[in-house]
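Visitor: Protein chains in written order, with the numbering used here: chain A, 1 to 68; chain B, 1 to 390.
There's no promise every hint is true.
[To be verified] With a cut-off of at most 30 Å between alpha-carbon atoms, the simulated DSSO-like pairs for lysine-lysine come out as follows:
hint: 1; chain 1: B; residue 1: K50; chain 2: B; residue 2: K148
hint: 2; chain 1: A; residue 1: K45; chain 2: B; residue 2: K148
hint: 3; chain 1: B; residue 1: K126; chain 2: A; residue 2: K54
[What the hints assert, rightly or not] Computed, partial: chain B to chain A, Cβ under 7 Å:
hint: 4; residue: I132
hint: 5; residue: G160
hint: 6; residue: Q164
hint: 7; residue: V168
hint: 8; residue: G172
hint: 9; residue: R262
hint: 10; residue: M276
hint: 11; residue: G279
hint: 12; residue: I280
hint: 13; residue: S282
hint: 14; residue: L291
hint: 15; residue: Q293
Simulated from the structure, these hints should not be mistaken for laboratory data. For each residue, glycine too, the CB sits at the ideal point set by N, CA and C.
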Amino acid sequence: MPVNDFGKELKELEQIVEWFEGGDADLDAALPKFERGMELATKLKQHLDQIENKVEVIKKKFDVEQNE
Amino acid sequence: MQGSDPVLQVSEFIELINQTLEFAYPQVGIEGEISNFKIAQNKWVHFDLKDAEATINCFMTVYQLQTELEDGMKVRVSASPKLTKWGRFSVTVKSVELVGEGALQRAFEILKGKLSKEGLFDPARKRSIPTIPATIGVVSSSGAAGYKDFIEIVAQRWGGLNIQLANVQVQGAPAPLQIAHAIEYFNQQTPLVDVLVIIRGGGSLEDLQAFNTERVVRAIAASRIPTVVGVGHEVDVTLADMVADERAATPTDAARRVVPDRREVLTGLEHSQARMVGGISSMLQRQRLSLNQGLNRLEQFIQVPKQKILQLSGQLLQNIEVMQERNNSQLVSYVRVLMNVDPRRILARGYAIARKNGQVIRSKADVKIGDSLVIQLAKDSINSEVIDAG
Numbered sequence: 001m002p003v004n005d006f007g008k009e010l011k012e013l014e015q016i017v018e019w020f021e022g023g024d025a026d027l028d029a030a031l032p033k034f035e036r037g038m039e040l041a042t043k044l045k046q047h048l049d050q051i052e053n054k055v056e057v058i059k060k061k062f063d064v065e066q067n068e
Numbered sequence: 001m002q003g004s005d006p007v008l009q010v011s012e013f014i015e016l017i018n019q020t021l022e023f024a025y026p027q028v029g030i031e032g033e034i035s036n037f038k039i040a041q042n043k044w045v046h047f048d049l050k051d052a053e054a055t056i057n058c059f060m061t062v063y064q065l066q067t068e069l070e071d072g073m074k075v076r077v078s079a080s081p082k083l084t085k086w087g088r089f090s091v092t093v094k095s096v097e098l099v100g101e102g103a104l105q106r107a108f109e110i111l112k113g114k115l116s117k118e119g120l121f122d123p124a125r126k127r128s129i130p131t132i133p134a135t136i137g138v139v140s141s142s143g144a145a146g147y148k149d150f151i152e153i154v155a156q157r158w159g160g161l162n163i164q165l166a167n168v169q170v171q172g173a174p175a176p177l178q179i180a181h182a183i184e185y186f187n188q189q190t191p192l193v194d195v196l197v198i199i200r201g202g203g204s205l206e207d208l209q210a211f212n213t214e215r216v217v218r219a220i221a222a223s224r225i226p227t228v229v230g231v232g233h234e235v236d237v238t239l240a241d242m243v244a245d246e247r248a249a250t251p252t253d254a255a256r257r258v259v260p261d262r263r264e265v266l267t268g269l270e271h272s273q274a275r276m277v278g279g280i281s282s283m284l285q286r287q288r289l290s291l292n293q294g295l296n297r298l299e300q301f302i303q304v305p306k307q308k309i310l311q312l313s314g315q316l317l318q319n320i321e322v323m324q325e326r327n328n329s330q331l332v333s334y335v336r337v338l339m340n341v342d343p344r345r346i347l348a349r350g351y352a353i354a355r356k357n358g359q360v361i362r363s364k365a366d367v368k369i370g371d372s373l374v375i376q377l378a379k380d381s382i383n384s385e386v387i388d389a390g
């Protein structure tokens, strides 16, 4: 999962949680939301297991226009 | 005048001197104090460099000037000596470095005032950085302690990132231009990185000078990518810090601002799950409660006719019993009546029944002489014959 999807999905999860705490929700609507929320949380948790970051040094030299 | 001396035209002489100077001193560093500073046509910079005993005329282009200057500042110029075509001696300056805290501080104040007036430090200009970036552009020196701190802290906190480093000098004369170019480079890439981090560890005001140059500050201000600047120690404030979208106290702090801590996120996720479970449980609880209430009402609704039925069936049963009792006593009286009319009881009292061919004889007229009659008595019967029917 790309990390910016992580941000998006985290936001979606937060919205679902807020919806649950909004009060006047009915059970029929709640069940699919609950399922989605749990699925998101599990997926996001799995992403947290990723440890490595990729560091890439850009080859370009940045002083070429020294005489500008 | 001796005939063997070479004779040169004036311009040839100046050319010769310049060639000699260039050969002897291609580039020289000179330190002194600025006086008579002026900018002509927004293009040419003139000033004198002096010490206690001597003064020399300096010339450079506005383009090359990367710092704010004013009379009285102590500077070190990198320059080459030159004889002008008017025969005046001058040095052509390639770069100027401020010397000493006083000059640096003064230049800092002047540039800060100027950029502040332009609104570059306005809080309204600041954009928020993404909560969780996928790609991070870093402008720093790969050898700098600050860079290493940044990478280490980022790795402790978050994984799966794509980090691109633009390796630049973070101090010295080439630093401002390299830093600015690196920022511009990141802004020309497709796709853009999610966030741009400009970092350098601690140092003196002179070490941090690149981050107080107009070139760098304007490059940060112009960045389309949200910027985080973490330069120096907590006490250091550079103009680059001030113009950044997010100002970090140190490179380590920059790492903390750019990525979340996976442990915190994990706790947050677990909390979210618990909140959803709590939400749906209380929803179920409410549902069960209202279901029970419904059932209760339904039961009450049924209770009334049920009671009625029980009552009615009780009454019915009672009625049946009463009726049966009544029937019984009637039966007894019937039996008594029947018993009273039983012919056997009458016969027992001495009466007899006379029958001819099974027919009961009630009158003399029913018989004629010679008929056989059976006379039934209480105990047995007598066969007889009619002898007189008169």
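Visitor: Take the hints in turn and mark each one as holding or not.
Guide: The hints, checked one at a time:
1. K50/B to K148/B: Violated: K50/B and K148/B sit about 42 Å apart, past 30 Å.
2. K45/A to K148/B: Status holds; Cα separation ~27 Å.
3. K126/B to K54/A: OK: K126/B and K54/A at ~28 Å, within 30 Å.
4. I132: Holds - the Cβ of I132/B comes within 7 Å of chain A, reaching about 4 Å at its closest.
5. G160: holds, 4 Å
6. Q164: holds, 5 Å
7. V168: holds, 5 Å
8. G172: At 11 Å from the nearest chain A Cβ, G172/B fails the 7 Å test, so the hint is violated.
9. R262: Holds. Min distance 5 Å.
10. M276: Given a least distance of 5 Å, the restraint on M276/B holds.
11. G279: The hint holds - G279/B has a Cβ within 7 Å of chain A, the shortest such distance being about 3 Å.
12. I280: holds, 5 Å
13. S282: violated, 9 Å
14. L291: Not OK, violated: L291/B not within 7 Å of chain A, min 11 Å.
15. Q293: violated, 16 Å
Violated hints, listed in ascending order, are 1, 8, 13, 14 and 15; each of the other numbered hints is respected by the structure.
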